[in-house]
Amino acid sequence: METNYKIFLLLIILSFGLGACAGQREEIPAPAVQVKEPVKKSVPEKTVTEAKPAPEKAEKPVTPTPMPKPEPKPTPPTTVKSAGDKLVIIGETEYVTIKPNNIRLKARIDTGATTSSIHALNIVRYERDGKRWVRFNLVSPTGAKVKMELPVQRIIKVKRHGTDEQSRPVVNLAVVMGKIKKTTPFSLVDRSNFKFPVLIGRTFLANTAIVDVNRSYILSPLGGEK
Amino acid sequence: MKKTNSQHNTNSQHNAAGILLYLLLGFSCLILQGCVTGPPTKITVGATETIHIVEADLDFLTRIDTGARTTSVHALDIKIDNPSTDKKDNVGKKISLTLINEKGEKKHLETTIVKALQVRNAQGVEVRYMIPLTLRWRGIDKVINVNLRDRSAMTYKLLIGRDWLSQDFVVDIDINKGSRK
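Line order of the protein sequences matches chains A and B.
For the first sequence, position 82 (counting from the first letter as 1) is numbered 82 according to my numbering, and the numbering increases by one without interruption.
Remember, my numbering sits 1000 above the position in the second sequence when you count from 1.
Read the hints as simulated data drawn from the structure, not as lab findings.
Fair warning: there could be bad hints in the mix.
As the list claims (entries may be wrong) - The calculated SDA-like cross-link candidates involving lysine to any residue, where the alpha carbons are at most 20 Å apart (straight line), are:
id	chain 1	residue 1	chain 2	residue 2
1	A	86	B	1150
2	A	106	B	1174
3	A	181	B	1174
4	A	159	B	1150
Since we're looking at a predicted model, the values are computed, not measured.
Please construct the entire structure, taking both the sequences and the accompanying hints into account.
Following this line, the structure appears as structure tokens:
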């Protein structure tokens, strides 16, 4: 008698669970569509709630679920189906790790900038085998100077009203940001007066990331690997 | 016979309890996941967008700049009613100005200074006046305080900063690539 009652209860819960599952399945694609078609006029109901989505964390506890029915496998919340299919959402600021010395620096994500730039000191241009090279120091968060020597990709002339024309060498740097690994051009510039030693511009972001200025440092600070 | 039955019963009870627990755990996880991550309600914008300033009835080709805290517009002929030399003292006073878009279309505007913003950039520190403007993009109106600046030398006469993006939009620089002519 008691057992029957329990089994009955279990059945109810099971059916409820299936319903919940189905409900969720319906919910998942909806936002993706909304993101794709930004025509929809809305004041988002969710505002600050998204501050800590920690998608990886949220997904882990789901695995032990012994549901016979497979999970609806929601699209990982870190990605949004938009222009590309697997664009990572990043915050207005993120940590980047510069290879090969693994210098971890704070970066401001700047869609207003074409090329990324990085704080460098003692920038000296020279020629090696008829090619343009540059030697410079990156500054680690502890203030230690890290020597670098790389071929110059090009020179950027920066014209700003009120200042003299500046020319900045551009080098290719291997950087890691979360799961993103890229070798991408950076202009070398003295950014001593700026809060962020690294500025991530559009060349880095292209086909890679979507910027959400309401969030910061979303990605793993360790950059996915050592 | 009876014995095995009861054993079976306890076993199934055990199983039921276990499954129940697992289910509860699983669902609370699912529900939590739904609540915490939520559906991405934010709308995606490109690196350049055309935005309408309602007060001036002008369209502006804008650069969406996550590196800029506040939105900035090209303004000339700025005249302040009974101005003080200290720009901060002019907050609350009437201001008249001309807004100009990238096509050279102009509109005269009269409004009130709501703030004197201290801006630090590569050229040093400057104080800019801020006025409230209604920015309309695809039918969505947002009123924000926009700072006034001579942007004659710039391609984009309206620069959209994080204040406009805040809460509602995310930036995907890969869309609208063709719009920059």
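Hint-by-hint comparison with the structure:
Proposed proximity of residue 86 of chain A and residue 1150 of chain B is contradicted: the alpha carbons are some 39 Å apart, above 20 Å. Straight-line distance between C-alpha atoms of residue 106 of chain A and residue 1174 of chain B comes to about 24 Å, which puts the hinted pair past the 20 Å bound. Straight-line distance between C-alpha atoms of residue 181 of chain A and residue 1174 of chain B comes to about 18 Å, which keeps the hinted pair within the 20 Å bound. Only pairs whose Cα atoms come within 20 Å are accepted, and residue 159 of chain A paired with residue 1150 of chain B is accepted, the gap being roughly 16 Å.
Taken one by one, the earlier hints fail for this structure at numbers 1, 2, listed in ascending order.
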